[in-house]
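Going down the list, the sequences are from chains A and B. For the first sequence, position 198 matches number 198 in this note's numbering, and the numbering has no gaps at all. For the second sequence, position 56 matches number 429 in this note's numbering, and the numbering has no gaps at all.
In short, the hints are calculated from the structure, not lab data. Idealized CB from N, CA, C, for every residue including glycine. Any given hint could turn out to be false.
[What the hints assert, rightly or not] Here are some chain A residues pointing at chain B (derived, C-beta under 8 angstroms):
#1 Gly208
#2 Thr240
#3 Ser253
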Amino acid sequence: MESRITKKQALCMLVIFIISNIPVLTGYTAAERNLWLAYIIAFIAALPLYLIYSRLTTIYPEKSLYEIFGELFGRIPGKIISGVYILYCLNIAAMSVRNVSEFVNIVSLDKTPQIFILLCCMIVCFYVATRGIRTMTKFAILFLPVFVIVVFVMHIMSLNIYNYSNIEPIVIDDVPDVLKSGWVCFTFPMAESVVFLSINSFVKTDKGEGKKIYLWGLVISVVIIVSVVLNNILVLGIPTMIKLYYPTYTAISLIDFGVVRRLEIVSSALFFISGLLKGSFSLYLAYIGYKNIFDKPKERRPRGYLWIFLGGTVLISVAAYFLYPSIVELIDFLYAYSIYALPLQLFPIVLWIIAEIKYKKNKNKNVIKSDTM
Amino acid sequence: MKKKICLVLILFLIILLLCGCFNYSDIEDTVVVSGLAVDMCDDGQYKVTAEIMSAGSDNEVAVETEQKSEYGFTVFEAIENLKNSSGKSFNFRHCQVIFISEQISNDGISDIIDFAFHYSGFRLSMVLTVISGNDAASVFECEKLLYDTVSYGVFDMMKQDQIANSKCPSAQIYMCLNSLENKGKEMIIPMISVEEQEGEGKEYRFTGMSIYIDDVQTGTLSVEQSQLFMIFMGKTMNGELTYNFDENYASFEIKDLSVSREVEENLSVFDLNIDMIISVRQLPEGVDVSDDEQRTKLEEELSARIKEEINDLFLYVRDTYGSDIFGLGNQIYHVNPSAWAEISDEWKELFKDVELNIDVSCKINDAGRSSKNIVPNRR
Numbered sequence: 001m002e003s004r005i006t007k008k009q010a011l012c013m014l015v016i017f018i019i020s021n022i023p024v025l026t027g028y029t030a031a032e033r034n035l036w037l038a039y040i041i042a043f044i045a046a047l048p049l050y051l052i053y054s055r056l057t058t059i060y061p062e063k064s065l066y067e068i069f070g071e072l073f074g075r076i077p078g079k080i081i082s083g084v085y086i087l088y089c090l091n092i093a094a095m096s097v098r099n100v101s102e103f104v105n106i107v108s109l110d111k112t113p114q115i116f117i118l119l120c121c122m123i124v125c126f127y128v129a130t131r132g133i134r135t136m137t138k139f140a141i142l143f144l145p146v147f148v149i150v151v152f153v154m155h156i157m158s159l160n161i162y163n164y165s166n167i168e169p170i171v172i173d174d175v176p177d178v179l180k181s182g183w184v185c186f187t188f189p190m191a192e193s194v195v196f197l198s199i200n201s202f203v204k205t206d207k208g209e210g211k212k213i214y215l216w217g218l219v220i221s222v223v224i225i226v227s228v229v230l231n232n233i234l235v236l237g238i239p240t241m242i243k244l245y246y247p248t249y250t251a252i253s254l255i256d257f258g259v260v261r262r263l264e265i266v267s268s269a270l271f272f273i274s275g276l277l278k279g280s281f282s283l284y285l286a287y288i289g290y291k292n293i294f295d296k297p298k299e300r301r302p303r304g305y306l307w308i309f310l311g312g313t314v315l316i317s318v319a320a321y322f323l324y325p326s327i328v329e330l331i332d333f334l335y336a337y338s339i340y341a342l343p344l345q346l347f348p349i350v351l352w353i354i355a356e357i358k359y360k361k362n363k364n365k366n367v368i369k370s371d372t373m
Numbered sequence: 374m375k376k377k378i379c380l381v382l383i384l385f386l387i388i389l390l391l392c393g394c395f396n397y398s399d400i401e402d403t404v405v406v407s408g409l410a411v412d413m414c415d416d417g418q419y420k421v422t423a424e425i426m427s428a429g430s431d432n433e434v435a436v437e438t439e440q441k442s443e444y445g446f447t448v449f450e451a452i453e454n455l456k457n458s459s460g461k462s463f464n465f466r467h468c469q470v471i472f473i474s475e476q477i478s479n480d481g482i483s484d485i486i487d488f489a490f491h492y493s494g495f496r497l498s499m500v501l502t503v504i505s506g507n508d509a510a511s512v513f514e515c516e517k518l519l520y521d522t523v524s525y526g527v528f529d530m531m532k533q534d535q536i537a538n539s540k541c542p543s544a545q546i547y548m549c550l551n552s553l554e555n556k557g558k559e560m561i562i563p564m565i566s567v568e569e570q571e572g573e574g575k576e577y578r579f580t581g582m583s584i585y586i587d588d589v590q591t592g593t594l595s596v597e598q599s600q601l602f603m604i605f606m607g608k609t610m611n612g613e614l615t616y617n618f619d620e621n622y623a624s625f626e627i628k629d630l631s632v633s634r635e636v637e638e639n640l641s642v643f644d645l646n647i648d649m650i651i652s653v654r655q656l657p658e659g660v661d662v663s664d665d666e667q668r669t670k671l672e673e674e675l676s677a678r679i680k681e682e683i684n685d686l687f688l689y690v691r692d693t694y695g696s697d698i699f700g701l702g703n704q705i706y707h708v709n710p711s712a713w714a715e716i717s718d719e720w721k722e723l724f725k726d727v728e729l730n731i732d733v734s735c736k737i738n739d740a741g742r743s744s745k746n747i748v749p750n751r752r
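Hey, can you work out the whole structure from these sequences and the hints?
Here's what the structure looks like:
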């Protein structure tokens, strides 16, 4: 068994997993000035799902998502479902890395071929993933406070350029658009954390501590995302914000606080690091699935599976390159993604119902056994 | 041993990557642009002039500037032609201002805003400025007063004005885009003129602002009107007011401003309340502001004058240009979106019938070092 991680490390990793792409990519939804509301709707929708995650961690403590599949559906069907989720992990990694490479390509290295940026990102992801979960989560616990501080400082420094009328009127005049945006925000990124259940085997969650990780993780992420979205709306205004691919980057670039200006490099660094961390982490989650499918010994460390990581890296690189032709098609892709990823994201509901039935049956059996004894 | 060989090979490979991008350009092949001027030619082509900064010659620590112009049917084509004809790569990340000729402003500037918004080489914090009368490129012929480049001089002049006098509105690219697309608010852009000074060459001067309907300039406001507009919008941070009291000039400094606007139910009458805290900088002769009665009288007189001027400005803009630069339509949208949806298409016509009730309240809070006038002993 690989070394364990603490609950705090898991929590920080979950938050970074959720917020990684959003600080820069918040201008894609139709809700316009109600975008922040769309995120709150997504939060409300995600809340029961996260309660289900935490319940699953209580019923199956120290068992990864793939092991839960095996327990509930049997060996072979469990492995087939695990295979689907491995592909989903690789998909998430590909999206994350592609977003990072697209960002670099658009805002700074516009003449560098994207495939080159993509490969550089993948080399980093490969290296980070092979270092193991402890390295990643230790980095997450170090990186998240920096992220939060930067967001806070960004708010303070933007106060003099806030235009509070940008957010008015606070009425929902286009309910279908807000709900549609809420749905996209739910699928990307909030419900993506279904794959995060795979790290259960590394964290102690038997006494309901899973609830703390998942609920606090969701709440902290939503607070960060909503505050960033509000900042973008107040600084840029709706017409500008909805036209930009990377509104947060632009909003930070407008900060003019005496001698402090041109801070967009900070947002670039945050986006870059968090995006690559999510990519690496998703690659690692796929690796956990691989180990489970092929019954590899848990004790063996990730460095013993370098070829598997390399294969995953190549797959992610190819998938990332062909995911969508250019940033122009990204919005359409996100809507398509929100449709095909939804069954996978809502599948834990089925897991939970079956798990509860089995759990109650086992409990009754135990009660009967103890009575007869 | 194998590991060491691999390490050495990797280190050699890294050397190849550390040399930079394959399509890099050296610093001596890059020119830094501080400002752009866009003019329209008779054949419908844009003439784009770039103010280029370069390091001083002969080991002097100084910045020298030169101008380079090119033509194109779009601004982008002209910029690409600039790059091609000079053989250098252009860095626009330090470009602060885009000067636009009044002719383009009269024809419509949405093309320029659209290009500036999309072109990733530009920063969205760049400021648009209209050059009154002359060609936009003529601004680069001005004397560089205290600054190395004209563009930076103009940019700092406007920035300083916003802090100290609040007469000059801000027109960054993203603000212009918001004004173009926002509901019920028209665009405004500061205006400067290039004037020939006897024996001193050309000088630039802030002369007010140009006002638009959609993206077409419909009129201009003077510096004084511009200042009143900023007070109307509540964007005045500081500023001086000078008035003539019976052949005596007196100056006041605005210390604090609070503006509130309300729209009445019929959506055609607005109430504007302005609360102003001011300091006396030069007292009218014979006035003693330490005396309650005299101070109140002065405050009332000031309030009445400001009210009259703001009302005149509003009527002038409404009746002469019909441009809702005050954002009254936008306010209706904020207060009552459903009502706005019904009237938004006819707002340009409805704006001409809008009434404004103004209430100005000035409070004098200090008079500098002394509240008493100097009384010269004229024997």
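Okay, the hints, checked on the actual structure:
1. Gly208: Hint on Gly208 of chain A: violated, closest Cβ of chain B at ~46 angstroms, above 8 angstroms.
2. Thr240: holds, 4 angstroms
3. Ser253: holds, 6 angstroms
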